[in-house]
Every structure is written in structure tokens, then in C-alpha cells.
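Since the structure of chain P is already known, use the hints to place chains C and Z on it.
Chains as they are written, first to last, in our numbering: chain P, 85 to 366; chain C, 4 to 313; chain Z, 2 to 395.
Certain hints may be false.
Non-contacting residues of chain C with respect to chain Z, defined by C-beta distances greater than 10 angstroms in every case (computed) [unchecked claim]:
{"id": "1", "residue": "Met156"}
{"id": "2", "residue": "Phe232"}
{"id": "3", "residue": "Val236"}
{"id": "4", "residue": "Leu267"}
{"id": "5", "residue": "Gly273"}
Negatives, chain Z to chain P, calculated, CB over 12 angstroms [what the hints assert, rightly or not]:
{"id": "6", "residue": "Asn6"}
{"id": "7", "residue": "Leu18"}
{"id": "8", "residue": "Asp34"}
{"id": "9", "residue": "Leu124"}
{"id": "10", "residue": "Pro182"}
{"id": "11", "residue": "Gly228"}
{"id": "12", "residue": "Val230"}
{"id": "13", "residue": "Glu236"}
{"id": "14", "residue": "Glu238"}
{"id": "15", "residue": "Ser255"}
{"id": "16", "residue": "Ile258"}
{"id": "17", "residue": "Thr329"}
{"id": "18", "residue": "Tyr335"}
{"id": "19", "residue": "Met356"}
{"id": "20", "residue": "Cys357"}
{"id": "21", "residue": "Arg386"}
Among the chain Z residues that face chain C by a calculated CB cut under 7 angstroms, a handful are [what the hints assert, rightly or not]:
{"id": "22", "residue": "Leu173"}
{"id": "23", "residue": "Arg321"}
{"id": "24", "residue": "Leu323"}
{"id": "25", "residue": "Phe346"}
By construction, these hints were calculated from the structure, which means they are not laboratory data.
Being a predicted model, the structure only gives us computed values, none of them experimental.
In this text, a Cβ means the ideal position worked out from N, Cα and C, and glycines have one as well.
These are the residues of each chain, in order.
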Amino acid sequence: MAENVLRLEDVTMQFGGVVAVNGFSMEVNKNEIVALIGPNGAGKTTAFNCITSVYEPTNGRILLNNEVIAENHPQGKMKDLYKGENKGKYTKVVKFTPDRITRRGIARTFQNIRLFKALTVFDNVMIAKHMRAKQNIFTATFRLNAKEEKRMQEETMVLLKEQNLDLYKDHIASSLPYGLQRRLEIARALATEPSLLLLDEPAAGMNPQETQELADFIKQIREQYRITILLIEHHMDLVMQISERVYVLDFGKLISSGTPDEVQNDQKVIDAYLGVVEDAED
Amino acid sequence: MNLFDIIMPYIIAGLSVGGQYALIAIGYTMVYGILRLINFAHGDVFMISGLVMIYVAAEVPLYISIPIVIAIIMVIGFTIERVAYKPLRNAPRMSVMISAIGVSYLLQNLALYLTGGLARRYPTIPWISDSIVFIGITTRRVTVITPFLVVAMVVVLVWLINHTKTGIAMRAVAKDFETSQLMGIKINSVISSTFAIGTFLAVAGSFLFFSNFPSVFPAAGAMPGLKAFVAAVFGGIGSIPGAVLGGLLIGVFESLIKGADIILGPAGFGIIRTPMELATFSDAFTFVLLVIVLIFKPTGLFGDKPTEKV
Amino acid sequence: MNKNNSSKITAAVLLILLFGLVIFLEQVIRPTDEWAMLLSCLRMGSVYALVAVSMNLLNGFTGLFSLGQAGFMLIGAYTYAIFSIPLDLKDSVYTFYDYSVKISFPEVLGNVFGGFGMITGVLVSIILAGIITAMAAFLIGLPVLRLRSDYLAIATLGFAEIIRAVFLWGRLGPVTNGSNPLRRFTRTSDFTMDVGNTTLTLGTTTIMIIAAACIFVIILLVNSSYGRVFKAIREDEIAAEAMGINLYKHKQLSFCISSFFTGVGGALLAIFMGTVMASNFMAAMTYEFLLIIVLGGIGSISGSVVGAMLFVFASQWWLRWLDSGIITLFGTRYILPNTIFRSGFRLVVFSVIIMCVVLFFRRGLMGDKELPYYWNKLKSRIMARKPKAGESNG
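Here chain P stands alone, though its shape is the one from the complex (with noise of 0.2 angstroms):
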């Protein structure tokens, strides 16, 4: 049995009295590319929210390499509120902040652009080597750490020549073009040194000569950092074409999975997607 990077367990998340994402459980596993797909509103970016822990699931335990990273149950106000599945199930409290996640080995980017806009490429990906360098705040200042600063220079520099960004590193972030800037994210979350990189809708806004090339570049990246991937996309194409699995949710709850071909056969997708007309028969 292949192994297990990320696995959900019963993952729901609840906002007031809305269940964004309804006892979801997934794997992830070692080296697979994986997407997450559903329409508009599915809870597909709630679901990376809760494994990068910037939202704390309601109800339900994560695990990432079979040590658990989240774990939650109602609790407080959501007790009487709550009205998700699974209830009772678990009974421990694991929360960890979305840097404690990025430090395990999970990174992300996201759905929206975040770049650092007002610093240069350089710096944007300098600032992810900053976690992994050994380094104070006392030796940084007086340039003790000349030896760290240098190596994490140098990685920069190969990192960005990988990514056909060498060119533009002394540029300022937000004045690149915006194919680039999706590179760039993409290679500030490399930077970060993760086992499962989180990709939230890469291809957004891209045509599909861009959307090709995405797909060999996640392909590639694969490969060359020997990670694993789990991305949210709407291109299907692209979907189809690079994932080994597919999830994919509706209204929170997963709907169907399996391998690409299995999942575009699914009549619950389709009718998911397509919409159903409730009263066919009149």
C-alpha cells in the first residue's frame, strides 16, 4: 500500500450555521499528483484553509505523515450549533499555526495571489529561506551568519533560474506580468523546502497554450523535488491531464472519487456541474 502523506478524517468545517465543508476524508499519497475539484463554492479553498490550518475544522482530524496536525470537536456555542456529521467521534483538541504547518512540510499558494508586492522576486523568495536558516536576530544584524545568508543566496538564485525568473529577480513582485507572478508564488512555496505543495487554482486566468505549459511544470516540478501535490482547479483539461486522483466535492461533501476517468463518468459529477432539473418528469 502506497503512503500516506495527507489523510482527512471526517473534516468539517462550520462558519455560524453553515457547513462549508461536511465530513470530508481524503488521502494524499507520497509522490501522487491529486486535485480537488467541485463547482463555485464547494468548499474546495475551506478544505486547504483547514489543512493549512488558517481556519480549525469544526469537527473531524487531519494527519499529515501519519502524525496529526489538526484535530477538533465541537466545542463552546458551535456544541448546540453544530450540524455537521460525526458528532462525538473525536474528543481531542490539536491546533497548530499555519507557520508550525509550512515549518512540517506543507506549502501553499494561493487562490488570489499573495505575493509580498512592494519587494523584489529576489527577496520574495529569500524571506521563505528564512524559516529553514540557522540564524538569530543578534548574528543576522551583525552579519555573523554571513556563510547562511550566502547559501541561501545561492539557492535563490538556482531556485529562480529553474523557474525562468532569474531574469526579473530585482524586479518588484507586483510589477511582474501575471502568468509570472503564478510562478513565482509557486517557487517562493518551493523555497520552503515542502513535502506536499497546495495549489489553489494555478491555472485561474490563464489560456490553454499557458495551461499547457502549467501542466508540464507541475509535472516537472514533481519529479525534480520529489513532492507531493494536491492542487483545486477548474481547468479540466489540465485536471485530467496531470492528476493520478481525483476528489470532488459539492456543497461541502465529496461526491465522488477516483482515478480522472472514473470521476468525468460519474453522473453525480456531471449532475453536479451541469445542475438537475428537479421535476424531469412534468
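Chains C and Z alone, transformed into the frame defined by chain P:
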């Protein structure tokens, strides 16, 4: 002497000064609700209205000077919004806040220039400045009527906000600035009327406050302004009843702390022997309250919870 | 690399020349001269520059809108004063209390090592001032750094008021002298050194060197890995967190370091003023620093220095004539009508100028760029002109 007699004067004085804070706090809370701006200049507008009153009352009889002062200050409030805040409507929030601090700095320096740095005596407004005896306590009439006046004004204000077209527009803008603009609400006139109401209440507050407080000096608005802002935060920013409750509570606490040495001393509860000089902390206590509220209930008593989209 | 080094050397030479000039001026200018104002402004300007730069580290680089500067300066000034009043003078200062801090670093070290020891003692007191301020900031940071932008502003403003009340509290009188001022500690005029038969006055130089050294450290910090992280937090907290940056830890670092230097600035202010009184450290003081960094450009260190110098020189010296109504232009004395030109007019004009900057030049004098940037721009413009001239000739 029983404890009621010892504490009651402080509570009454506290309710009175708290009512005045409440009037200023409404201005803060309404402006913050709509523009997400801490209008640092609001306390100074309050001080300026005290000063203008002094200058106007020196020239014309009181019954004419009161409406004149209200008119002048409302024009000033309107002008500040148009000159210092409107051009920055699309700027980062920090810029607008800095602009507000700049206006505050300007108003204080202007007051310093006009008065020559001397504290000026506030004119005596007859009837409300008279001494009366209320449940056995000798005090000024203004002290007793302030809380009632505040409650009356707030009831009217809340009615206006819930039932008039402008009031509904204000609530819409506070909920969602951009959408209400798309719905055809004239954002600038809504903001102007918000400032007009806030300024009017600050003037009303200044009449009551300075009648109890002998003189006006350039920094006189800073502390009441900050306290009123704390009152607004305490009650939950954007909430008018919250601001009033916050103002009254802060006023009472402040007054009790001013009298703490007497209340807790041998003449009162007899808990402490020697004076602790706790009165030093009467201003600081407000901020202790602020920090406690911000830590445990950052949205205040009646505030909405903001959500951030990732 | 080479080019970088040569510009560093140029900067160092310029600084040394500047300090040489200040030392020279300090010997030449008598306290009664009209030009004594220059030295006084330089002293005050460097203290203001230091505090403005440390405020900029927080507000401009880390994006934490903090308004607690007056409170932190107060802690620094008091700490310095308390540990620098000579023991035999303490009774004359603490007239209503029995003083409880029975040590004076400048005195102790001065007795052992002479003039040099005195200066070391002053440095010890100053560093202590910074450390105690940073410790207070750490405690204050525990709750407030989790707050959102404008709530952080108001909470820090509140803490500044609380600090002021604590220092005014009569019960702490044996330490703080309650609501009475602290005086007679080592101050500007005490910084003298005997060289042969002459006595060198070094007050202005000392203050400027300490301020410059602190600003230099802040520049180093801002350009280090940590400085980059601070900027990342300013740009986007959520993205910074996703990059594995512990927000709270780095905010706390920035807050404590900024407060350390603000405390040092407070100590220098005490040295410069000669008396310290808690009731002077009002919120208005913080606003002044905020306006200085806006004037210079939020996110520019050299901007804050230039802004502070302009602020001090303009408000203390160049605009004096607005108050006095007496102005000398090209050797002619003009007397302006005292109905308008009277006490306070200077500050009104000054605040109008600042409002104009806030409204119309929102990026301030320097934006978020530093002096070398403008220097290089100027140089490349001159360079660009030269070949053109050659072309037209040929």
C-alpha cells in the same frame, strides 16, 4: 455616615461625566462604523467648541450664542471631513488615520495660538449651572440632568437611524461600503451627515462638560476624546447603545477611582489606612479597561465580528 | 562588490568629516552666540531622528501601527535619570521622598576611571534604559500584538497613558520622585574632556554619536534576513505565515527592538533636556514622531532622519520669526505686525505644512527609498548627460 452617602456623590458625578463621554463616543462610533477610521480629531473638535463658545458668548447673549456655536462647529466638522478625509477615501487606512492625527495636531496648535496658551474661563450657562440638592447631595443641575438628556438624545438618534432614509443609508454604508455605493446611495452625503450628527453631539457634550469644568485649554479635548473612543470600543464599535453604555461605565469607574482613597479609607469601608493615591490612575484606568476588553472580547459588548477572506 | 565597497568608504569618510565638523563647531560656538541654536538643534534633531527611525522600524517596516512611543521614551528617560543622579545630590532632588535607588553609574565609574569612566557610566545607564524599556515592551506586547491594526494603535496609546500614570504615582515616589521632576543627573554640559590645557566640550558630539550608532544598527537589522521578514509581515501577514514565519515572535522582536531604541532615545532626551517630568510625555509627543516619519517617508530610514532634522530645525529655529515677528533678510530687520505674528503662530503654520504633506505628498520626502538611491539616480543622470555632450561634439 453610611456608605450610600459616601459612594452616591461619586456615582452621580460619574454618570454625568460618563454621559458627556457618551455623547462624544457616538461621534467616534458612527464615523468608525462607516469609514473604519478612528477620528482622532473628534476630541479636539469638542475642545474647539468649548473655545468658540467662550469667544461667541463674550460678544452676544447666551440664547443667541448657543445656536451660533452649534452652527460654527458643524461647519468645522463638515470641513474637516471634506478637506482631510475625503481626498484619502481610496488610500490605505493608515494614511487616513495619520491625516486625522494631523488635524488633531493642527486644531491643538490653533487653539494654542488663539488662546495664547492660557486656560480660558467657560461662561456660566444659567439654569443648568445652578446648584441644587438631589437626594441629599448638593450638586449642579447639569450633573443631574446629563444622563437623562443623553438617554433622550440617543433615543431620538436611534429612531432617526432606524426610520429615516438617511439613517437607513447610514446603516447600509456601515454594512458594506462598496455595495451600497452600487445601490445608488450617495456616499458623500451619507458621510457628511454622519459627521454632522457626530459633531452636533460633541458640541452638546461640550456645553455640558465645560459647564462642570471651569476652563478650556488646548489639550482639554485630548483626554475626553480618547476616553470616549475607549467607550466606543468597549460598547462595540458601530453600536450607539454600546457607546452610551461604555461612556457611562467609564465615567462611573473613573469617578469612583478618583474617590477611591476616601471610599476605601477610614471614612468609608475602612479597608486601607493610609491613602494609596489611587486618583493618579483615574485616567489610566480607562485604558486598562480598554486593554482588557480588547483581549477578551475584541468586538466589544455589542460589536459585529469582522471576517477576513483568505 | 567593489563598487559597493567604495560607496561604503565614501559614506564612512563623509560621516567622519561630519563629526569632525561638529566637534570643531562645538569648541568655537559659545552658548550665548546666535549660532548656539545650531548645536541645540543638532542635539535635539539626533534624538528625534533616533526615535523616529525606531518608530519607523515598527510602523513603516513591520506595519505595526503603534502609538506608544511617548510612554517608552518616558521609561527610558526616567531609567537614565534615576541611575545617573549623583548620590550626594539625590536628597536635593527627592525632596518629598527617601530615594531608594542608591547607585549612580556615571558617578561610580567616574570616581574610578575619571572622565572616561563617567562616559562609560552614562553609557551603562543608557543601555539599562533601553533594556528596561524593551522589557516593558515585551510585557505590553504579550496582549496587544495580537490585535488588529487600529486597535493596536489605540491600545498602545492607552499603555503610554498607563505608564505615565504609574510614574506619577506617589507610592512609587522613592523611585520616580512622583509628580516632581528629576534633575541634576549627568547632562549635555557635563560631557567635557581635558586635553592638555584646554577643555573640550563634547556634549553635542556624544549625543550625535550615540544616536548615529543606534541608527546604524537599525539599518543593519532592516537589511538583514529579519528585516526582510518584517517587511513580509507588513506586506501580507497571511502569506508571511504561509512561508513559515511565526508572526507573533517576529512582531514581538520588532516591537522590543524598536522600544529598546526608543528607550535609548528617551535617555538621550533626558541628557539633552536636563530635567525629566512624566507629565511632559503626552500622546501629542507620539503624534509628532508619527508626523516626522510621514514627512520623511514611511519605510525610509534616511527619510526619518532628514524628516526629524527638518522638523526640529524648522520648528525650533527657522520658523522662530513667525512667533517673534522679527525677521532679518539680507541684513535688513523687518518687524511684522504682532496681531498675527505672535506666540504660537509658528506651530500653526507648521501644522498646516504637515497637513499639506499628509494630503498631497503622501509618500513624504523620500517615499520608501533611501538616500543612496537618490544619489545614484542623480549620478546616473549626470553620467547620461556626458556621453550625449560627447556625441554632439563628434
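Hint check against the structure, violated hint numbers in rising order: 2, 3, 11, 12, 13, 14, 15, 16, 22, 23, 24
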